[in-house]
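Following the hints, put chain B in place on chain A, whose structure we already have.
So the protein lines, in turn, are chains A and B.
Under this note's numbering, the residue at position 58 of the first sequence is numbered 58, and the numbers go up by one with no gaps.
Just add 382 to the spot in the second sequence (first one is 1) and you have this note's numbering.
Treat each hint with caution, since some may be false.
Pairs of lysine-lysine, PhoX-like flavour, derived with a Cα cap of 25 Å [as the list claims (entries may be wrong)]:
| # | chain 1 | residue 1 | chain 2 | residue 2 |
| --- | --- | --- | --- | --- |
| 1 | B | Lys947 | B | Lys964 |
| 2 | B | Lys967 | B | Lys911 |
| 3 | B | Lys947 | A | Lys240 |
| 4 | B | Lys964 | B | Lys975 |
| 5 | B | Lys930 | B | Lys947 |
| 6 | A | Lys132 | B | Lys947 |
None of these hints come from the bench; they were simulated from the model.
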Amino acid sequence: MHLGVYVHLPFCPYICPYCDFAKWPMRARRAAEYLDALRAELARTPGVEAATIFLGGGTPNSYPAQTLSALIVDLRAQFPPAPGSLREITVDINPELVVPGDFDAYVAAGVNRLSIGVQSFVPGEIRTLGRKHTAAQVAAAVEQARAAGIGSISMDLIFGVPGQTQASWEASLDEALRLGVDHFSTYGLTVEEGTPYFRWRRAEPAAFCDSDLEADLYAAAIDRLEAAGFEHYEISNFAKPGHRARHNCNYWRNGEYLGFGVGAASYRDGVRSVHTRNLSAYISAAMNGSAIPGESERLEGARRAGEAAMLALRTEQGVDLPEFKERYGVDFLAYYAPVIEGLRAAGLLVIEGACVRLTRRGRFLANDACGAVVTFEQPAET
Amino acid sequence: MSQIHVDPHRLTVMQQVRNFCIIAHIDHGKTTLSDRLLEVTKTIALREMEDQVLDAMDLERERGITIKMHPVTLDYLAQDGKTYALNLIDTPGHVDFSYEVSRSLAACEGAVLIIDAAQGIEAQTLANYHLALEHGLTIIPVINKIDLPAADPDRVMGEIEELLVMERNECILASAKNGIGIEDVLEAIVARVPPPRGHREHLRALVFNAQFDPYRGVVSYVRVVDGQLRPGTKFMSMAHERVYECTEVGKFAPQMRPVDRLELGDVGYIIANVKSLGDIDVGDTITEAAKPAHVPLPGYRRAVPMVYCGLYPNDGDEYGDLRDALEKLKLNDAALVYEPESSVALGFGFRCGFLGLLHMEIVQERLERDYNLDLIATSPSVVFRVTKTDGAIETIDNPSKLPAMTYIRSIEEPYVKSTIITPPEYVGAIMDLTQSRRGTLANMEYLHDGRVILTYEMPLVEVIVDFFDALKSRTKGYASLDYEVIGYREGDLVKLEILLNGEPVDALSFIVAREKAAHRGRALAEKLKELIPRQMFEVPIQAAIGGKVVARETVSAIRKNVLAKCYGGDITRKRKLLEKQKVGKERMKRVGKVELPQEAFMAVLRLDD
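Bound-form chain A, shown alone:
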């Protein structure tokens, strides 16, 4: 089974009002301190083989390309690929920060996949989202990435933005398709507590899309992207053949991963753990060699199986029955029989060959379907 490595780089040139990640405005000294802390945390971790490396944020390209490339080179050394396996190294970037030559440095360091935070091509929506790029900057970034030889380019888009219409969303999709990227992540806007958007929605709920419009927008994404030859391989993800995000697929297969940096999550030996989201606490613990504060939870039995099912159901393939039985010791169809029956009757789920997967309707109502599975408790035997 493959291991993924995630590295969190939390600094951004500005803060988007909907964002709920661990992130801080870019300050050169703080960012340098953080990088030292991150390297210190890495230094005390034994090297292991890893198939994928993902640099996420924040905005990783807030750091100069040289700094970032140096970090990637070291990560590659510490986490070498298993002999003979494919390697995927992804960097999240913000298009307007790209400086000519950046991607050449990335490619030299081993980066072969780019995930561009675009969200929208419509100027009004870009402003609403608090972002600062232009459509031209996105096009330039894609062009430079191709020229530098980056083999797989992904783009993030958000639907359900206040003020968005079906027409404006389709305009963004069309513009994105025109640029010829290989992969899309389309996210329905999620308003998280504690963000400025949360307060906005409380004050002015009518500004936000209702769930019917969101359903229409989601449907438009699926229809347009599938028509353009993309496979809808996970609820929010679409890829041209051969361009699925392997790092992310590992999450959905309930694979193991190591996360480094503030707020980063790991899953190893049945334990899910997450680092503190307090930047100072992270830096000082990493620098003085003490354990990094955070939370962890050991997953066992039904809860472990339930989580695995919840993740697998997000994917096109769904739950692979023989594999599920082998990994979790649970006969999925038998154990979840009452839930599966209800979900099938409601048209949310199908059993196809050795797999159980969501229908198209099931993807729209994935919380109902996954919720039923992950919270299912078998009646106590009497």
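Leaving out everything else, chain B in the frame of chain A:
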């Protein structure tokens, strides 16, 4: 009246006893005046007493009403140099408990009637006054709050002369808040309220209140009218003809203090191993078992529940807990009645009867708060009297039990006389409201200050469903209301059924006037559409009368419920979110395929006129 035998010593003692109560419209200052009387007579401060007496009754205090407070004896050195024992008997402050009020009045010879110097006579002032008059009490009118800038005692005295047929010079001007006129009130009680009178033999004592003590059983508050009670007295409750032996008698000094006997005229308590409040009712007469009185004291009736609703545990497993909680509440609340019932929609629960809507709310809140139960309450209903085509008469306290219309010859419903006092500018609004509530104007009277007294006869069911709030909001809070039940009248009534997904939901049906049925059906369907969350499938809501659909709404199916992102850091959070979502669903009641929030069952209470 037969001859009175009293020994001379006892006579002097009795001459120095006064039994009185304080009655008032809400917020006219009953508690403040009681407080002052206690203070001036150096009895304990009322607030302290409340802490002792009402420690388990947060609800009443929150709502600014007292349901039960024990009597208290004030020792008062009067201007004539004698010390009097003034027994202050508390009365509950809400129309739901008017029977308890009448029993408390029956234990007194006098009543202090408080009237707000600014607001003047209000609906409950009138109701209380008439009740006191019926009991033959000496009434002392006290115009309170004369310190207020808006006070107009002269005007209020005019109202008293006009409406209460009392003399201007009988009124005492007071400000309980500032301690003005308190002495005058005490002197008036001594001078105007007659001392108790009665027979020395032939025990008769009126039970005017009771409380349940978990260690000692029922503590009955009594006024001894004739004869005497001692520990060891074998007595009989005349309503139930059950015999008990008195283990303790005592007075309120102000805490309960045992004494060797209670004599005629005395107010005190008795304890006698009575297990449940229902065994000796409020209003009951206690007499000696060996030589019982021939006639009980007048006015006893069983507390009759006026309002019914179904109470169901949200989680069927809590049925036993609900039963136990009701049993315990019943110990201290004789007026609460309940019996098991089952509903297709809600499973097993209880049909519960209450004195009124406030009583119902108090019981529900207690069950939820003190017993930690998660309840579903169905819409309140009154007791209908149905005459079937074969001549048989059935009483129906649950709309779903109404026989099919073809078997019904007629339906009768309880009516009330409501008295509303209002400034004249709101008369139009009140007329609209009462008309929409099927009220008929019985009388209309103008007061000197221009206010109007409107008397309506209207169906009780129209009053219990949100009438008071509607009245208050249409009169900016100025109108006051009182009502009393006046009997049953035939009405053109039908059962309105609600169907969800084509299936009738028994717990949502109710009985309504035919003329209003279609309108209410539409309003309820709309309200339910608001309350029922969107589900995975479309939910048609229909309102039907006798199988004919009069309204239809649809809760459209939810089309999207999905969390966009689920990467490494999101997994645990996402699982917890789904778990929370499930808890939310579990709080809903599944009726057929449809998940209903608890509020849906009370939706009928939330309809606008």
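So, going through the hints one by one against the coordinates:
no.: 1; hint: B:Lys947 with B:Lys964; in the structure: holds, 19 Å
no.: 2; hint: B:Lys967 with B:Lys911; in the structure: holds, 17 Å
no.: 3; hint: B:Lys947 with A:Lys240; in the structure: holds, 20 Å
no.: 4; hint: B:Lys964 with B:Lys975; in the structure: holds, 16 Å
no.: 5; hint: B:Lys930 with B:Lys947; in the structure: violated, 48 Å
no.: 6; hint: A:Lys132 with B:Lys947; in the structure: holds, 23 Å
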